[in-house]
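Single-letter residue listing:
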Amino acid sequence: MSDIKVPTMAEMAAQGQKPDVLFWVGCAGSFDSRAQKVSKAFVKILNALNISFAILGDEEACTGDPARRAGNEFVFQMLAMQNIQTLNGYEVTKIVATCPHCFNVLKNEYPELGGSYEVVHHTQFIKELMDSGQLTMKSGESFKGKRITYHDSCYLGRANNIYEAPRSVLAELDADIVEMQRHKSNGLCCGAGGAQMWKEDEPGNKRINTERTEEAMKTGAEIIAVNCPFCLTMMSDGVKAEEKQDDVMVYDLSELIVQQNQL
Amino acid sequence: MIGSVIFAILFLIAFGFAFKKYSRIRRNILLGRDVTIEGPKSERWKNVLLIAFGQKKMFKRLLPAIMHLFIYVAFLATQIELIEIIVDGFTGFHRFFSGLLGGVYTFVINAIEILSLLALVGTIIFLVRRNILSIPRFNKPEMKGWPKLDANIILIGELFLIVGIFTMNGADVLLQEMAPDKYPDSGLLLISSVLGPAMFGGLSFETLAALERVGWWMHILGVFGFLVYLPYSKHLHILLAFPNTYYSRLEEKGKMDNMPEIMNEVKSMLGMVDAEENDFGDELPEFGADDVTSLSWKNLLDAYSCTECGRCTAVCPANITGKKLSPRKVMMDVRDRAEEVGRALDSGNVDFIAEDKRGEGVKLTKENFDDGKSLFDYTTPEEIHACTTCNACVEACPVLINPLDIILQMRRHEILTQSAGPSDWMPMFTSLENNGAVWQISDSREAWTKD
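Chains A and B, in that order, are what the protein sequence lines are. Mapping of the first sequence onto this note's numbering: position 86 corresponds to residue 86, and the numbering continues sequentially without gaps. Each number in this note's numbering comes from the position in the second sequence (counting from 1) with 263 added on.
So that you can see chain A by itself, here it is in the shape it has in the complex (with noise of 0.2 Å):
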């Protein structure tokens, strides 16, 4: 398992060296055991392809988005500065993030504070990828026959209207991909974003991932594709709350492709 190559700005630096891109891996995907897997499976990807990149390691800090969202401006202005401060001395010119939250300020919150780079989201990135055939899918038996439904993160989907590269990258795996009701535009929330993540609900009568997990299983689909750590532990969650566990998984995209291609 532990065959995976991240080298990091530091270490390149030191030999001279820049790559051509820099992985943003996020607070989740450091430290949450389960998005861990997320982080690997994409690196996994980036390896067999040998495409040249970094990330931060110790020098990453949290983007600040559920600090801004809560509305702790300087808590999180602070991350953004120390940030594009470490950015901007490594003159990094390309992001790329699994995270839709870390993405979305990066690419779109950034720019006003000094730091401006061309961001992508992982599934954006991969879509390249398999556009200049640089990533091609091995035909395999992995998801022959099976249901997939995608869930359309918030911050990828209405924030920045990013609704058909995932989709694109889902429809070269040998899947039956099935739609929720609520898509696209009209996606519902997993009920993690705006700093929901690291605080309990109000009120109310239900639990807005077990909605939306409802919603997922009526499709009828054995795998719940995500594009967001945070949706994936909500998700997660919706499916263990429904003792569904063993019969719904809930992967990110990126690790649908390392199944399909055995990486």
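Keep in mind that the hints were calculated from the coordinates and are not lab data. Any given hint could be a false lead.
[Claimed, not checked] Each computed DSBU-like pair below joins lysine-lysine, with the alpha-carbon atoms no more than 35 Å apart:
(1) K18/A with K518/B
(2) K518/B with K5/A
(3) K323/B with K146/A
(4) K497/B with K244/A
(5) K407/B with K323/B
(6) K37/A with K518/B
(7) K713/B with K94/A
(8) K199/A with K713/B
(9) K146/A with K713/B
(10) K138/A with K713/B
(11) K497/B with K184/A
[Claimed, not checked] Which bits of chain A does chain B cover? Going by a derived footprint, with three or more residues having C-beta under 8 Å, they are:
(12) 155-163
(13) 204-214
Backbone N, C-alpha and C fix where the C-beta goes; we use that ideal spot for every residue, glycine too.
Please arrange chain B on chain A, whose structure you already have, making use of the hints.
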């Protein structure tokens, strides 16, 4: 002749009163903080054309979209007939356009008749949807009382207008045959030539002439009524949808507005600039928004443009799962508060002047206003805490209202100015400040690459 005089007086009263009321609404909207609207004008006009005129976003829900379209197009088309009605009112010159336009006139009036019939269908279906079918978004707590009555008044007003038009045209068709010199030929009216004889056939000339006037007055009084009623109602969207779509933000929905006013402070905290240049002065300014005067005028325009359709609330994940948050209520609260502040300012009552700003000869202004209340007396912290910032409400709004922007500004006020907010968030903030990570974890950020 007397009719013309009465008409002229009513016309002036209605327009004079409306002018005063609309000026007041403009003043209320401008209670908001100034903000520069960025982005190319061509994009803005495109939004006005597609979203306000073209009603593009309405079509996310097909049946109401079609019914609404009938009423909307009928409303627009009837303005042509309204010009004629006003000319008639002032001069007594009946069917002024018929002589000028000939066949085109017949076509236009027929179009208006058909649209009015469709609008009648739409209005009845809307009344049924509001009052008989239990459609959840029309029956949320914030719709109890006045908002529900307001919606029904508008719909019944529309019925009144439509009945007026058909009474007028129906009687007129019969009168045209009886006295062609006084009632100019309108050409064949598809609906009224059937409806007129069916309803009024066999009535005397005098009765018909009176009926024609009744229909005429119903219509014009209905129009005056609308004009005067609109400023009290949620129905202002028929006017404000246009400026509101024009001034709506063009950036990605995910982008939150920056707070440039604290950038220097943060830089000095990080040692990136000298501390002296970054003083806020004697008192720390207020951050975020807790009232209509700290929201932007665009936020207030949003509030006045809201027609309480509730599409935002119907798609809000918090509301769907039983939380108190309702984006529609946020908009209604902002408008109610703007009305309250506006009324207080109009009163000129010096008791509304903030205590430390009172003095001999000091007049009440929006700058020294303080009635001891704020937006938080309308929208509670519990409501704004439930938001997932998912942008579903923003996406759903047919006239590009942005409830999320208001919620986020209120969150900023709560955290930065009141030092309040959900206690659950405090460990997250602490961890971010100390470790640069959302969780209190002592591991290296690179650990996952090595196991």
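Open item on the list: Which constraints among the numbered hints does this structure fail? Numbers only, ascending.
Closed with: 4
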